[in-house]
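Residue numbers (full-length UniProt numbering), protein chains in the order written: chain W, 1 to 312; chain S, 1 to 253.
Hints may contain errors.
[Unchecked claim] Only pairs whose alpha carbons sit at most 25 Å apart, straight line, appear in this in silico PhoX-like list of lysine-lysine:
no.: 1; chain 1: W; residue 1: K258; chain 2: W; residue 2: K22
no.: 2; chain 1: W; residue 1: K22; chain 2: S; residue 2: K252
no.: 3; chain 1: W; residue 1: K293; chain 2: W; residue 2: K227
no.: 4; chain 1: W; residue 1: K227; chain 2: W; residue 2: K258
no.: 5; chain 1: S; residue 1: K252; chain 2: W; residue 2: K258
no.: 6; chain 1: S; residue 1: K162; chain 2: W; residue 2: K209
no.: 7; chain 1: S; residue 1: K252; chain 2: S; residue 2: K162
[Said to hold, decoys possible] Pair ranges (Cβ atoms, derived):
no.: 8; chain 1: S; residue 1: S168; chain 2: W; residue 2: F92; range: 16 to 24 Å
no.: 9; chain 1: W; residue 1: P39; chain 2: S; residue 2: L231; range: 31 to 39 Å
no.: 10; chain 1: W; residue 1: T291; chain 2: S; residue 2: G248; range: 49 to 57 Å
no.: 11; chain 1: W; residue 1: W174; chain 2: S; residue 2: L242; range: 26 to 34 Å
no.: 12; chain 1: S; residue 1: A235; chain 2: W; residue 2: R71; range: 26 to 34 Å
Source of the hints: derived by calculation from the structure; they are not laboratory data.
Beta carbons: idealized from backbone N, C-alpha and C, even for Gly.
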Amino acid sequence: MQPILSVRGVSKTYASGHQALKSVDLDIAPGEIFALLGPNGAGKTTLISTICGLVTPSTGTIRVAGHDALRDFRAARRTIGLVPQELSTDAFETVLATVRFSRGLFGYARDDAYIERVLRDLSLWEKRDANIMELSGGMKRRVLIAKALAHEPRLLFLDEPSAGVDVSLRRDMWKLVHRLREGGTTIILTTHYIEEAEEMADRVGVINKGELLLVEEKTALMRKLGKREMVIALVEPMHSVPPDLSEWHLALEDDGHKLRYVFDAQAERTGIPSLLRKLADMGIGFKDLDTSKSSLEDIFVDLVADRSGAAA
Amino acid sequence: MNLLGAWAIYRFEMARFGRTLGQSVITPVITTALYFIVFGGAIGSRIDAIDGVSYGAFIVPGLVMLTLLTQSLSNASFGIYFPKFSGTIYEILSAPVSVIELLLGYVGAAATKSMLIGGIILVTSTFFVDLQIAHPAMMLAFLVLTSVAFSLFGFIIGIWAKGFEQLSLVPALVVTPLTFLGGAFYTIDMLPEPWRTVSLFNPVVYLVSGFRWSFFGQGDVAIGISLGATLGFLALCVGVVLWMFRTGYRLKP
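One chain only, chain W, in its complex shape (with noise of 0.2 Å):
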């Protein structure tokens, strides 16, 4: 299937001599969910600009839709709905105003029907006749978002959709991004919140420095690279690991106080009912038992951790 987004070899140098982005290659196809994470800084936010158009590459090339995004500008852009991470809106236009002006902007016929629901859907409807300067936050983020939806874009970018967003707006914009996925919108979103990339994304790209260090699905990176860890706390602290218990690697901590034990989640075997049984056998009590999985952020802590212990 042709990729709704190729974007090959792009890189950007800014004025400065500030090289935000060094030679990019990515796919997107169409109707995925995709994370672009990446601590402050890493280029996400230039890596977006520059496919709707408000950086100009200093090489490579973009396609949008099969359209190229410089030569074929009108096509390509026609397709892109953009919600900034800024909120940067009109202070003295109505919230029907404003996204009605977005729709024709982009070169589409005004339908009131199609507007309509788009702010009923971001529970904007309510609020159409009001100066976007007397909303909330919040709610002048979702008029950003019935904005970039008012020209009914194939592919949406939500550049850190959650950032200064309050628990039930969260939540309701991930509802929304399911929702339009269903109608086979193609998402791409820039957080550095890895929760929202493990809530929604089919596939994490990671970014730092310029660089896409790995673009993967994101149930495979968890598998890949998800650990899983058991903490045992004992009745009795020990000053050692006993021998007999040398096979399963443990690792004594708080003061001989607990037992960790890290395991691939992903095994056959854990090794966790040989490990209980074991330590039942040589009467040694515990008292309690708590295991978590290790999630996108330590992944992702490992990763670019990794990568400038291996570049220094």
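For chain W, the structure is supplied; the task is to place chain S on it using the hints.
Here is chain S on its own, set in the frame of chain W:
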């Protein structure tokens, strides 16, 4: 060509003017009325007719020009500067519009508003002086050309400006002096040398002169030269705008 996009920008700008209609119409009307009372009524009654035209009528074309220039500049420069300032420019830059649609929208709207106000001032002036327009078609052409040219100039200033201070710097330091020295209140023949020659380098002289010719059939310079200079200024502004958009000057890093 995305005409719907250009129309959306045009309507947005006209709605913005609509919100401040009171002040944008009343202010120039009051200012002009004051000019007529002071220069036309009080001082003008002691000034001889210039080339057979009473002083009150003589200053009408200059006053209309003065308003057209300042209105075009401030409307167009603010129109493009404010989205840059508030950040909403992101939407314009990511939209399927090129410099042509942007000019039709922003410059078209600014020029429309200037022409409306210019027309209102012309009508206001008929309450004070007896006015005959010798060449109405040419008058309209100058009205349109000047509004468009100075709206383009304002658009350039709006893109160039990095702050509100710069936004008002060019109108205050360059345009106002040029306008007052551009023959709105006198013919340049009245100036002593070398000021007379210096004045010929002032583009506003040609605008006012051409505009006055369309009213009274006479101006400081030949009508063809006036028209040529106006068109030349227009072309220069178009050239600068095209260069700005080709290089992304202060819009796109």
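(request) Take a look at whether the Cβ-Cβ distance between S168 (chain S) and F92 (chain W) falls inside 16 to 24 Å. (result) holds, 21 Å
(message) Just to be careful, I want the Cα atoms of K252 (chain S) and K162 (chain S) compared with a cutoff of 25 Å; is the pair within it?
(response) Judged against 25 Å, a Cα distance of about 14 Å means the pair holds.
(message) Check the hint pairing K252 (chain S) with K258 (chain W) against an upper bound of 25 Å on the C-alpha distance.
(response) The given pair, whose Cα atoms are some 57 Å apart, is violated under the 25 Å limit.
(message) Next pair to validate is K22 (chain W) with K252 (chain S); report whether the Cα-Cα distance is within 25 Å.
(response) holds, 19 Å
(request) Look at the Cβ atoms of P39 (chain W) and L231 (chain S) and judge whether their distance stays inside 31 to 39 Å. (result) violated, 55 Å
(request) Could you see if the CB distance from T291 (chain W) to G248 (chain S) stays within 49 to 57 Å? (result) holds, 54 Å
(message) For a C-alpha distance cap of 25 Å, please report whether K293 (chain W) and K227 (chain W) respect it.
(response) OK: K293 (chain W) and K227 (chain W) at ~6 Å, within 25 Å.
(message) For a C-alpha distance cap of 25 Å, please report whether K258 (chain W) and K22 (chain W) respect it.
(response) The hint is violated at about 45 Å.
(message) Between the alpha carbons of K162 (chain S) and K209 (chain W), is the straight-line distance 25 Å or under?
(response) violated, 29 Å
(request) Could you grab the alpha-carbon distance between K227 (chain W) and K258 (chain W) and see if it respects the 25 Å cut-off? (result) holds, 19 Å
(request) Return holds or violated for the Cβ distance of W174 (chain W) and L242 (chain S) against the range 26 to 34 Å. (result) Taking Cβ atoms as reference, W174 (chain W) and L242 (chain S) lie about 45 Å apart, which means the hint is violated.
(request) May I ask you to test the hint 26 to 34 Å on the CB atoms belonging to A235 (chain S) and R71 (chain W)? (result) About 27 Å separates the Cβ atoms of A235 (chain S) and R71 (chain W), which means 26 to 34 Å holds.
In summary, the numbered hints that this structure violates are 1, 5, 6, 9 and 11.
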